[in-house]
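Enquirer: Letter by letter, the chains look like this.
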Amino acid sequence: MNKVVQEIYDNATEFVRTFGAFQLFFMRLLQHSPALLFGRPSVVIRQVYNAGAMSLVIVMVCGLFVGAVLALQAYSNMSRFNAEDWTGVAAAFALVKELGPVMTAILFAGRAGTSLTSEIGLMKATDQLSAMEMMAVNPLRRVLVPRFLGGVISMPLLAGIFSAVGMFGAHIVGVELFQVDVGSFWQQIQLTVEIADVREGIIKSIVFGFAASLIAVWEGYNAIPTAEGVGRATTRTVVITAITILVFDFMITAALI
Amino acid sequence: MRQTRSVEIGTGLFVLLGMSSLFFLTTQTTGGDDFKADSVYTVEARFENIGSLRERAPVTMSGVTIGRVTDVAFDPAALEAVVKFVIDAKYDQIPDDSDASILTSGILGSQYIGLQAGGSDLYLEDGSEILFTQSAIVLENLIGKFLVNAGSDEE
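Residue numbers (the numbering used here), protein chains in the order written: chain H, 164 to 420; chain B, -12 to 142.
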């Protein structure tokens, strides 16, 4: 009996400790960020390329099809009320406020987050991080912060691209396929969607960018330095990021409504 | 060096694309604020019932947006709704006996104020009040009246 209580206590303490360490890790990343961003921007640009530009294809293709399927669903429902003109509005709201940031963040975790985790994890497994420390180079500054910043900068841009391409997909389905009048399609969107809606999407994508990059970098840095450990850390990145983003999404939406 | 260059070009393209997407989203899908005026004058109107008229609703004349609702309030003394709206100063020749009615665009659309020109020689100016108003048509009242009429026919 005593053993069970002891185990539960240990697990709880360990959970709180991990959570605290995570916060401190975040603070240390933030602390080093400005100096690196302004001192050595080329290192950050390289990571923006890796995290952002390399994710363009998957984000654009997914955005196109998500926008198209939203318009498809909206059209088939709206046409029951003879409100086909609202097809674009339904797609625009869903894209700009919810699916744009959320889908992009999950795709980002799958495309860029996993590669960050496995890259850092492998560096750790092959003692590259220890080697840096031996040479008096701070691996946090040289390896983690640029990758973190690259993700933070890329996410809002990727989410914007996702939504814009999605609107294009909705336009193809709504206007070209179902012959909704192009004027009323866009006019309804412009009359109904407000700047606050776009702002909500941008706020979400910034928060998700921080969350996804932070989790990816953290998991890589704390991976068990074996082949199995790196693999497990990569899986955890995707799982934890997806959960975090969906929970955050709910909270931000509730706070902004 | 070559590789750095291609990385820089790729990053530049990505950032430009992202920025232009955000620009597209903020300018092309929003707004609808098709009312922009350098100078405006404020006019007031009292309604018995404004339905679901909100701030920023358009004020139109002959279907053209000439102003925007700026304030909706309830006057506890007169027990009426007081709607303040601004009209673009270039439309300064609207007769002061024009009447304002609250209309609905489409069946389920949003509500707006429609002005109907009167015949007076005096024009609306800053602070003037429109005397002739017509309240919003509330669907429930309409159905209620219809039911009462239908009932009286049978008797």
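Hints should not be assumed to be uniformly reliable.
Derived contacts from chain H toward chain B, CB cut-off under 8 angstroms, selection only [to be verified]:
{"no.": "1", "residue": "A216"}
{"no.": "2", "residue": "A257"}
{"no.": "3", "residue": "V259"}
Restraint-style ranges between C-beta atoms, simulated for each label pair [what the hints assert, rightly or not]:
{"no.": "4", "chain 1": "B", "residue 1": "T14", "chain 2": "H", "residue 2": "M298", "range": "47 to 53 angstroms"}
{"no.": "5", "chain 1": "B", "residue 1": "S7", "chain 2": "H", "residue 2": "E261", "range": "48 to 54 angstroms"}
{"no.": "6", "chain 1": "B", "residue 1": "F61", "chain 2": "H", "residue 2": "G202", "range": "26 to 32 angstroms"}
{"no.": "7", "chain 1": "H", "residue 1": "P204", "chain 2": "B", "residue 2": "A60", "range": "51 to 57 angstroms"}
{"no.": "8", "chain 1": "H", "residue 1": "I406", "chain 2": "B", "residue 2": "S7", "range": "31 to 37 angstroms"}
Simulated from the structure, these hints should not be mistaken for laboratory data. Glycine is no exception: its CB is placed at the ideal position from the N, C-alpha and C atoms.
Enquirer: With reference to the structure, classify each hint as holding or not holding.
Expert: So, going through the hints one by one against the coordinates:
For H/A216, the interface hint holds, since its Cβ comes within 8 angstroms of a Cβ in chain B; the closest pair sits about 4 angstroms apart. With 8 angstroms as the threshold, the beta carbon of H/A257 stays out of range of chain B, its nearest partner Cβ sitting at about 12 angstroms, so the hint is violated. Hint status for H/V259: holds, given a least beta-carbon distance of 6 angstroms to chain B, under 8 angstroms. Between B/T14 and H/M298 the beta carbon distance is about 50 angstroms. The supplied range of 47 to 53 angstroms therefore holds.
Between B/S7 and H/E261, the C-beta spacing of about 22 angstroms breaks the proposed range 48 to 54 angstroms. Take B/F61 and H/G202: their Cβ atoms lie about 59 angstroms apart, and the range 26 to 32 angstroms is violated. For the pair H/P204 and B/A60, the supplied restraint of 51 to 57 angstroms holds, since their beta-carbon distance comes to about 53 angstroms. For the hinted restraint 31 to 37 angstroms between H/I406 and B/S7, the CB-CB distance of approximately 32 angstroms keeps it satisfied.
Comparing the model with each earlier hint shows violations of hints 2, 5 and 6; every other hint is respected.
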